[in-house]
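In order, the protein sequence lines correspond to chains A and B.
For the first sequence, the numbering used here gives the first residue as -6, with consecutive numbering after it.
For the second sequence, the numbering used here gives the first residue as -6, with consecutive numbering after it.
Hint data in this document are derived by calculation from the structure and do not stem from the laboratory.
Do not take every clue at face value.
Heads up, the list lumps identical chains together, so a pair's fine if it works in one copy or across two of them.
Capping the alpha-carbon separation at 20 Å, the derived lysine to any residue pairs in SDA-like fashion look like this [unchecked claim]:
#1 Lys22 <-> Pro254
#2 Lys157 <-> Pro171
#3 Lys22 <-> Ala330
#4 Lys157 <-> Asp73
#5 Lys157 <-> Ser235
#6 Lys157 <-> Thr247
#7 Lys22 <-> Ala472
#8 Lys22 <-> Asp3
#9 Lys22 <-> Ala468
#10 Lys22 <-> Asp401
Each chain, written out:
Protein chains: 2
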Amino acid sequence: MNHSGSDTWDLIVLGAGAVGENVADYATKGGLRTVIVEAQLVGGECSYWACMPSKALLRPAAARLAVQRVAGASAAVTGDLDVAAVLERRTGFTSAWDDANQVSWLDSAGIDLVRGRGRIVGERTVDVAQADGTVRRLTATHAVAVCTGSVPTLPPIEGLADAKPWTSREATSITDVPGSVAILGGGVVAAELATIYRSLGAEVTVILRGRFLSRFEDFASDRVRASLEESGVHFVTASPSSVTRAQDGRVHITLGHNVEPIIVDEIIVATGRHSATTGLGLEDVGVSPTDLRVDDSMRVAGAHGDWLYAVGDVNGRALYTHQGKYQARAAGLAIAARAASTLPSDLTEPWSDHAATADHAHVPSVVFTEPEIATVGLTSEEADQAGLPIRVIDHDLGSVAGAAVRSDGYAGAVRAVIDLERQLIVGMTFVGQDVSELLHAATIAIVGEVPLDRLWHAVPAYPTMNEVWLRLLEAERYA
Amino acid sequence: MNHSGSDTWDLIVLGAGAVGENVADYATKGGLRTVIVEAQLVGGECSYWACMPSKALLRPAAARLAVQRVAGASAAVTGDLDVAAVLERRTGFTSAWDDANQVSWLDSAGIDLVRGRGRIVGERTVDVAQADGTVRRLTATHAVAVCTGSVPTLPPIEGLADAKPWTSREATSITDVPGSVAILGGGVVAAELATIYRSLGAEVTVILRGRFLSRFEDFASDRVRASLEESGVHFVTASPSSVTRAQDGRVHITLGHNVEPIIVDEIIVATGRHSATTGLGLEDVGVSPTDLRVDDSMRVAGAHGDWLYAVGDVNGRALYTHQGKYQARAAGLAIAARAASTLPSDLTEPWSDHAATADHAHVPSVVFTEPEIATVGLTSEEADQAGLPIRVIDHDLGSVAGAAVRSDGYAGAVRAVIDLERQLIVGMTFVGQDVSELLHAATIAIVGEVPLDRLWHAVPAYPTMNEVWLRLLEAERYA
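Just chain A, with the same shape it has in the complex (with noise of 0.2 Å):
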């Protein structure tokens, strides 16, 4: 423990993932001292058990698969994926699950850390159970941030628990490759677990109930799920009424009655995740652990004295790792504010430093499948439910001179959602290989407010498939 004197911080951070650890940067970078906790590996979920090892293990099917679409250097291509070089690749992205690196980080922030389960025991107080049995009282002089992130919800489905069934953890940590997945969920994580282990030669059946990636355009969500078919995965829409592990350790996975049973080596839940609040005390300061809600600078509604801030998955306002950091730098310098009193307890203004404004209607994602869907902003439906006077351009990546120099027959897709009351792009959708690289540009459109005129002057370099800004412009002006 680095620190002297009392137990006592201005700040006390609970859960040590990005985005704790960003509150408690950008607070410190406010003059605050601040103590963050942690009774995991400190860089959290997204380091070592998603983003980060999804990622390390989805790039080097698609590296492979670019090059087998360009003629001329597809003949190079002559073998498979190296499964154990892959997921060595995984392993040293995840540091080999060591956290030492991160807490040199947060020393080198002048951040101190305190390794155990914090529980709030009162205003501005927080327990710390130990490793080695003991508790330790640390208070806050200014605020408590609660980043304790989200955990998978397991479905009520009879014996799954006992099935024992990975989660995105197990499955993004595994030293061998099963011979055969199922997957629960037609989500992100579904989506991109479908691909990982397809890729790494693993049969897969995805067991969804409903739309598959369903949050996004049907136009994007339809050709990864195609393009799944193609490589083999099995997608059935059903809803398991049981699931047990035999004795020779397989799962068995029961539809129904009159259905064949899904025999496979692991199943895998990836049907959502819901705020992992679970003893830390927030009942005993008035605060409802599933309906946390929070204001744009994530101050918990209903804490007395406003000193209670939760922050990135467990508000519950978008679950994406680089949405939480945005909230935690709003956070971080919202309480440094308040703490020096230059910020008024009761107001953050839009856009202003300490309000996370764009979590409303201004938020990217990416799924990383074959193809890529990058996404920004509102849907069509979305904007259509919101009431906007839109219009909706849409247009064939792969007619973009870019798109086809860097692709043999690139197959993808575009589309603008436009507020044409504002001439403002208020969403934007993405479909096809390497579109992820290309959100960003939506993201300042829309962020930025550039109206459609200005936009126009803004020229894509020829021939990138940005061109496809230069078409979806046209096309709206000749609409």
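Starting from the known structure of chain A, fit chain B onto it as the hints suggest.
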């Protein structure tokens, strides 16, 4: 010839490259009857002898290199590029130098075509020397737009012209790869051709006088040069005194009295380009063919009656296909608006549809080398010279998680040039693998004049390379 009646149109366009096609298209959509005059292939330099073939030739090596940098996938690449297939891919992208598709497009766009060499013989009057030896006179009711592009400049080196040097045309049209080439010049064309020829197995020597890629930020140019050198390209800083093609067909390049001559199979001249105005008759209407000055609607200064426009490379404003097309949109819309008397002849409002305002300080460009350079707006040197109160923010692109995931040991860098007074980014330069598609976000931020405090809310998706935006903004905040 598709038109009926007399040889009179509203607009005559000289040159059917991408720029001429766009002027004609926008004017036609604006209600004007338009004819385009072309002596060579409809589609122009970019389609057949520049952007398209060069990018088609560059992509296979880039794709192969990308996969070689990803552990788990690299072992799958055992072979070299298939040079014949690379050349065939190139030929596909040039439609085997057949313009039938482009002619069909003109037809579908309602644009008439007259094949032959056009010469301005008076106000709104063009004589076309046709292949059959006849001359056809065309007259325009409103305007003539010169879109004849540019041609390579041959430096005044003794013997060079007689040594049958290649220009970018011959260099991108090869059917066999020479064993060795010397490239005269150190600009973008030289850099891309050196990359292509080296990747196809040729010995490459770049002979340049000044700094390599001198228009770009040093940190970017230096990386490209180092990478080319590492791949085996030789750089020689010298001014050849003479060039001769010997009896055996090889080219001898003499650099000075006491220096061994360079002997190569072919010499490629890439020492710049100048306006293609020879024989256009500009002198006859009082316009200097070597000093074509235009306003922001591309109207030529000095032509009596304001009927003459010069669009694209020919006006020397910004020699890029994308920027020429941008000018073409402004010019086509301006010509149509002036014909309809809805736009004053002497006025083009900045950032309006009729002004190519972005030409001045908002031009994007990409160098498709390995690594790529992508830049938009002002370099730090240009901003300094313009007297702006700037801060330069640099960031290592390889330290961004999205880059590390993309490529093991990713090497790259980004610079943002910030106008401290206006709190805007005025220039950005990226260097690294696959940065070409990162550029448009910068172009939108700069052209859209999105203030730094709003860019703060444009969240880059994690983990993408675009997260470098966050790092730059954090560095700026805590500089």
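Comparing the hints with the structure gives:
| no. | hint | in the structure |
| --- | --- | --- |
| 1 | Lys22 <-> Pro254 | neither (57 Å within a copy, 61 Å between copies) |
| 2 | Lys157 <-> Pro171 | within (14 Å within a copy, 63 Å between copies) |
| 3 | Lys22 <-> Ala330 | within (11 Å within a copy, 55 Å between copies) |
| 4 | Lys157 <-> Asp73 | neither (31 Å within a copy, 47 Å between copies) |
| 5 | Lys157 <-> Ser235 | within (13 Å within a copy, 79 Å between copies) |
| 6 | Lys157 <-> Thr247 | within (16 Å within a copy, 76 Å between copies) |
| 7 | Lys22 <-> Ala472 | between (50 Å within a copy, 12 Å between copies) |
| 8 | Lys22 <-> Asp3 | within (13 Å within a copy, 65 Å between copies) |
| 9 | Lys22 <-> Ala468 | between (47 Å within a copy, 13 Å between copies) |
| 10 | Lys22 <-> Asp401 | neither (49 Å within a copy, 32 Å between copies) |
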